[in-house]
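K.L.:
What follows is each chain in one-letter form.
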Amino acid sequence: MSTNAAADTTAPPFDLGAGWRLHPQVSVRPERFGALLYHFGTRRLSFVKTQTLLRVLEQLATQRSARIACVAAGVDAGQMQEYAKALAALAASSMICERS
Amino acid sequence: MTTAPLPLVEQFQYGLDSPICLTWELTYACNLACVHCLSSSGRRDLRELSTADCKAVIDELEQMQVFYVNVGGGEPTVRPDFWELVAYATAHHVGVKFSTNGVKITSEAAARLAGSDYLDVQISLDGATPEVNDAVRGPGSYATALRAMQNLADAGFPSFKISVVVTRHNVSQLGDFKAIADRFGAQLRITRLRPSGRGADTWDELHPTAVQQRELYEWLLDHGENVLTGDSFFHLAAYGQKLPGLNLCGAGRVVCLIDPVGDVYACPFAIHDSFLAGNVRNDGGFTRVWRSSQLFTDLRRPQTGGACRSCSAFDSCRGGCMAAKFFTGLPLDGPDPECVRGQGEPALALANAVSVPRPSADHSHRSLPGTAVPISIGRRPDRTCDENPLTDFSAV
Chain A
1 MSTNAAADTT APPFDLGAGW RLHPQVSVRP ERFGALLYHF GTRRLSFVKT QTLLRVLEQL
61 ATQRSARIAC VAAGVDAGQM QEYAKALAAL AASSMICERS
Chain B
1 MTTAPLPLVE QFQYGLDSPI CLTWELTYAC NLACVHCLSS SGRRDLRELS TADCKAVIDE
61 LEQMQVFYVN VGGGEPTVRP DFWELVAYAT AHHVGVKFST NGVKITSEAA ARLAGSDYLD
121 VQISLDGATP EVNDAVRGPG SYATALRAMQ NLADAGFPSF KISVVVTRHN VSQLGDFKAI
181 ADRFGAQLRI TRLRPSGRGA DTWDELHPTA VQQRELYEWL LDHGENVLTG DSFFHLAAYG
241 QKLPGLNLCG AGRVVCLIDP VGDVYACPFA IHDSFLAGNV RNDGGFTRVW RSSQLFTDLR
301 RPQTGGACRS CSAFDSCRGG CMAAKFFTGL PLDGPDPECV RGQGEPALAL ANAVSVPRPS
361 ADHSHRSLPG TAVPISIGRR PDRTCDENPL TDFSAV
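Protein chains in written order, with this note's numbering: chain A, 1 to 100; chain B, 1 to 396.
Source of the hints: derived by calculation from the structure; they are not laboratory data. Predicted, not measured: the structure shown is a model, and the values here were computed from it. Watch out, some of these pointers could steer you wrong.
[Unchecked claim] Pairwise CB distance ranges, derived in the manner of DEER restraints:
1. ALA143(B) <-> GLY74(A): 57 to 65 angstroms
2. SER27(A) <-> THR287(B): 14 to 22 angstroms
3. ASP315(B) <-> GLU82(A): 20 to 28 angstroms
4. ASP76(A) <-> GLY156(B): 46 to 54 angstroms
5. GLU84(B) <-> GLU82(A): 43 to 51 angstroms
6. GLU58(A) <-> LEU350(B): 49 to 57 angstroms
7. GLY41(A) <-> ARG112(B): 15 to 23 angstroms
8. SER27(A) <-> ARG366(B): 38 to 46 angstroms
Quick reminder that beta carbons are idealized off the backbone N, C-alpha and C, glycines included.
The task is simple: from the sequences and hints, build the whole structure.
P.N.:
Here is the structure:
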């Protein structure tokens, strides 16, 4: 299987102010450790390593911006950059995409 | 993340509620008789799952959110309901990656395949030249595979896979395989030869030498990012550097095998009663086997590591491949037969003095003119249903 652990990839800075959503071809499977994501288009698997990041992903499509989704999921200001990095990695592998 | 979660390898050791992916062999029937076939395929088994049985399994997989299945065989495309099952799976959000020798990948089939996101195909090829390939897979099999690749490329199928089992005779051709993949816009996938199925009889002559293993490791470090391995070379991580992937034996924890008659084994390379967890036709179906069978529960307990525990490389290779040990007669908590620290050779010498377990199921062709099916001692008697495997199958 091709693996791609979410927070481990280097990627360009992430626009927390924009609205984001899961890619329509991505399926999410909640797990004890967080979740598994599978992209049916790229056929890549990603591991979401915390419950908080899973909650962020669940909030993405309905919140005005990624930053608001993070806050709603319980991410505090001190953690925001770490979550931006994880989201950037997911954006780089097309697991999430910007809402137009 | 701020909270330091358990490393994924630790998480996966204790198993998941559903497999990440699983291998599903749809039939033991095959037009070929590869000398290293992991499932000793050839003849169809009369007890194979019906179309309705298969659809019931797919329903369960959908419910368990199994993202995709690796479909194989035998040659899965010779089942007359193959395309019907593929359509059913993809309509139920279970992606299908199937392995084929290419015999049914006509230009029409390739066009149909190119149209679906939920479908992936891998063509088996075990030599970058007809001589090397056909010695293992049988006369004409190289031409069949290349024709299938051409059809897929012509149909615009994006990035199909070329699947290579690495042997002593093709390890020097890795660059050539990559060139073939590049020529067709395909992706190369290389996996480890296991002493499973008919491979139990041919492993001694076919598995890479110690020197070749080292070369393979170096090659993977240089090319690993663009080459798929199914995580199968994690025993090589003991050379020092981790290879891309999980570097973990997922048997019964994150992967398993459903065989053509519905038996569930811990992994595709472990078709033996010792690794049989249950059958999908029994009460509770596949879900119950996965979640509560005794065997899988045992496999998810912390492993002892045994003789390997004191080795400095244990955290990298974790003792290697369970199936490779089992079918070479080595203890499961000892070194892998291809241990890169050289612990395999003496262990094998000791094991060869006693009897080595045989694969449980053998569906090999009794004879297939023109192919070199190795004769071995100790096979169980052929059963009465020894008929041409393709008799019941119509062309797609």
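K.L.:
Would you pick out the hints that fail for this structure and give their numbers low to high?
P.N.:
none
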